[in-house]
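Kindly produce the complete structure, drawing on both the sequences and the hints.
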Amino acid sequence: MNDDAVVSLEGVTKRFRDFWLRPIVAAVDGLDLTVRRGEVFGLLGPNGSGKSTTIKMILGLLAPTSGKVRLFGLSPRTVAARARLGYLPELSYLHPFLTARETIMYYAGLCNLDRACAASRTRELLAMVKLEDVASRPVGGFSKGMARRVALASALVGRPELLVLDEPTSGLDPVSTKEVKTLVKALARSGMTVLMTSHLLADAEDVCDRVMILNRGKSVAEGRVADLGESLEDFFLAKVGNVDEFVLADFLS
Amino acid sequence: MRRGRAIACATAFEILGEPLVLLVLVGSVALAALAPALHYHQFGEPSRMARDAGLSALLIGGAVIAFSGTLRTFRRELESGTAQVALALSVSRRAFFLWKCLGCATACGAFAVTVSLVSLTVVRGAEIGGAIAAEHGDVARLWGPSLALAVSAAVAPLLAAAALNRFARFRFVVTSNALSAAVALCGAAYRFDASLAARLLPAMALAAMPSLFILSATAAFAVRFKSNAAASLVALVAAAALPALGNYCLSDALADGASIPWSYFAMASLALVPAVAAALAAGVAFINERDLQ
Chain A
25 MNDDAVVSLE GVTKRFRDFW LRPIVAAVDG LDLTVRRGEV FGLLGPNGSG
75 KSTTIKMILG LLAPTSGKVR LFGLSPRTVA ARARLGYLPE LSYLHPFLTA
125 RETIMYYAGL CNLDRACAAS RTRELLAMVK LEDVASRPVG GFSKGMARRV
175 ALASALVGRP ELLVLDEPTS GLDPVSTKEV KTLVKALARS GMTVLMTSHL
225 LADAEDVCDR VMILNRGKSV AEGRVADLGE SLEDFFLAKV GNVDEFVLAD
275 FLS
Chain B
6 MRRGRAIACA TAFEILGEPL VLLVLVGSVA LAALAPALHY HQFGEPSRMA
56 RDAGLSALLI GGAVIAFSGT LRTFRRELES GTAQVALALS VSRRAFFLWK
106 CLGCATACGA FAVTVSLVSL TVVRGAEIGG AIAAEHGDVA RLWGPSLALA
156 VSAAVAPLLA AAALNRFARF RFVVTSNALS AAVALCGAAY RFDASLAARL
206 LPAMALAAMP SLFILSATAA FAVRFKSNAA ASLVALVAAA ALPALGNYCL
256 SDALADGASI PWSYFAMASL ALVPAVAAAL AAGVAFINER DLQ
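Residue numbers (the numbering used here), protein chains in the order written: chain A, 25 to 277; chain B, 6 to 298.
Everything labelled a hint here was simulated from the structure, so no lab data went into it.
For every residue, glycine included, the Cβ atom is placed at its ideal position computed from N, Cα and C.
It is possible that some hints are incorrect.
Claimed, not checked - Which residues of chain A face chain B? A partial, calculated answer using Cβ under 7 Å:
id, residue
1, L85
2, F96
3, V103
4, R106
5, P113
6, Y117
7, H119
8, F121
9, L134
10, N136
11, L150
12, F259
Stated by the list, open to error - Some chain A residues well away from chain B (every beta-carbon gap over 10 Å; in silico):
id, residue
13, G84
14, S99
15, L137
16, R147
17, A151
18, S160
19, K168
20, T201
21, K202
Here it is, written out as structure tokens:
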């Protein structure tokens, strides 16, 4: 494995099975992927292309049916490998009965920070995501955008070396989206490796150094955004398939 | 340790914050506290009604909290995705499962301690009341203090918690539980009798023991099956284990100032420890092999 590789996948396949262990679908099929230290890597693709499944295999939540997944050179099922990452899931999974402050303190505890350190880090992150005023309110009553910001703060609490963002701008308004993109760029400048998925191509084009396009579980293209020579949207549509405007027009008429 | 503490505390906090837990706790406290009011039904011993009510509340209320609290917290974690986020960080699946079980046990323990303290106070009160009644031949005068105790133990914490929620934004359910425990502790300390405690506390521990098994079996099934299937399996296991409770006739063993025999403890532990260990081992195996989507 390349010493520089933070994440590597070699020939990874994931087939989901039903109760009787019959294969239903191959969500990821023979995927090779390397994310290098310090880069912002975008995993792009339409809905159902296998982005989230790939992320979950990298996090050790799903076991690959075949192939090898390495995180910092270790199996993602080992605690030592996962201790160095932060994760923002596609939907903001939060305990509804905890307040914003308690949520970040909870994740600080999971990252093994001592109480004083956790408290100061929580204050810092609440200020960063601009939720100081509502820090004492249970997150169950938060809007989607506010919950997203709490989840983002929770992902950053352990000062991770690798930040995994699954659709980071999902559910955010344009201002918050811009703030998240600015934050990702700032984190990348500070040396953090970022692996993000998105189907919003403008987001990926703005922040990613390298992208891989997935379609039906397979990689259809991979390269540096700067080397594409055309807009990411045109490149993506050429690889994944264009919208059939005539069919849409017929439907609308 | 910090990771485990965070998981266990959040779990206990979640279970103690459930309205059903508060309902069971208030019901159990009221049942235990109102028992001395039934002085016309002493069954041959002034404090028997109070003692039996306390033990029943511990057994049934503890089982309800262990089952519903554990099932809800595990299924919510897995279905809402919070378990996935925790397990994507530096927490092993085994540690996550076992620390969550400890959190559930903490919530059940808080319930058991509160109800035990109320029962101790009430049994002591019933003994004193019985002595007064025997001396004066008038049991009606005991109704007033008994009802006052029941109201203060069951209702006062709710009113205080409502006020704290209204004016200081304290969480109502959690505060109610904490205040109930505080009232119970004050009551037990006021009427504390060491010999009575030594006689009753082992019996109360025995009454609370089935909750531990229900909790661990529920946790194991909850990480493998959906709520309905897990509930059915727990019911099957409980139905199979229920006849074993016939071996422990706590009410009779405690009658007329007697203590429970130590053989009860040995038999119960012998049955409980391997059963809990097997359920926890099954739970660890289930969570290790499952895909977390």
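Right, here's what the structure says about each hint:
Satisfaction of the interface hint for L85 (chain A) is found here, the shortest Cβ-Cβ separation to chain B being roughly 4 Å, below the 7 Å cut-off. This hint is violated: F96 (chain A) has a C-beta 12 Å from the nearest C-beta of chain B, more than the 7 Å allowed. For V103 (chain A), the interface hint holds, since its Cβ comes within 7 Å of a Cβ in chain B; the closest pair sits about 5 Å apart. Against a cut-off of 7 Å between C-beta atoms, the interface hint on R106 (chain A) holds, since the closest Cβ of chain B lies about 5 Å away.
With its C-beta approaching chain B no nearer than about 6 Å, P113 (chain A) sits inside the 7 Å limit, and its interface hint holds. At its closest, the beta carbon of Y117 (chain A) sits 3 Å from a beta carbon of chain B; the interface hint therefore holds under the 7 Å criterion. A distance limit of 7 Å between C-beta atoms decides the matter here; for H119 (chain A) the minimum to chain B is near 6 Å, and the interface restraint holds. Contact between F121 (chain A) and chain B, as hinted, is supported at the beta carbon level, the nearest pair being about 5 Å apart and thus within 7 Å.
Using the Cβ-Cβ criterion of 7 Å, the hint placing L134 (chain A) at the interface with chain B is satisfied: the shortest such distance is roughly 5 Å. The closest approach between the C-beta of N136 (chain A) and any C-beta of chain B is roughly 5 Å, which is under the 7 Å cut-off, so the hint is satisfied. Interface restraint check for L150 (chain A): the shortest CB-CB distance to chain B comes to about 18 Å, outside 7 Å, so the restraint is violated. Residue-level restraint check for F259 (chain A) is violated (minimum Cβ-Cβ distance to chain B is 30 Å; threshold 7 Å).
Chain B draws G84 (chain A) into its interface by the beta-carbon criterion, the shortest separation being 7 Å against a cut-off of 10 Å. No beta-carbon of chain B is positioned within 10 Å of the beta-carbon of S99 (chain A); the least distance is around 12 Å. Not every beta carbon of chain B lies more than 10 Å from that of L137 (chain A), the smallest distance being close to 7 Å; the non-interface claim is violated. For R147 (chain A), the condition that its CB be more than 10 Å from all CB atoms of chain B holds, with the nearest at approximately 18 Å.
The Cβ of A151 (chain A) sits about 22 Å from the closest Cβ of chain B, beyond the 10 Å cut-off, so the non-interface label holds. Once the 10 Å rule is applied to beta carbons, S160 (chain A) is inconsistent with being away from chain B; the minimum gap is 7 Å. The beta carbon of K168 (chain A) sits about 14 Å from the closest Cβ of chain B, which is more than 10 Å, so the claim that it is off the interface holds. Distance to chain B confirms T201 (chain A) as a non-interface residue, since its nearest Cβ pair spans about 22 Å, more than 10 Å.
No beta-carbon of chain B is positioned within 10 Å of the beta-carbon of K202 (chain A); the least distance is around 25 Å.
Comparing the model with each numbered hint stated earlier shows that hints 2, 11, 12, 13, 15 and 18 do not hold.
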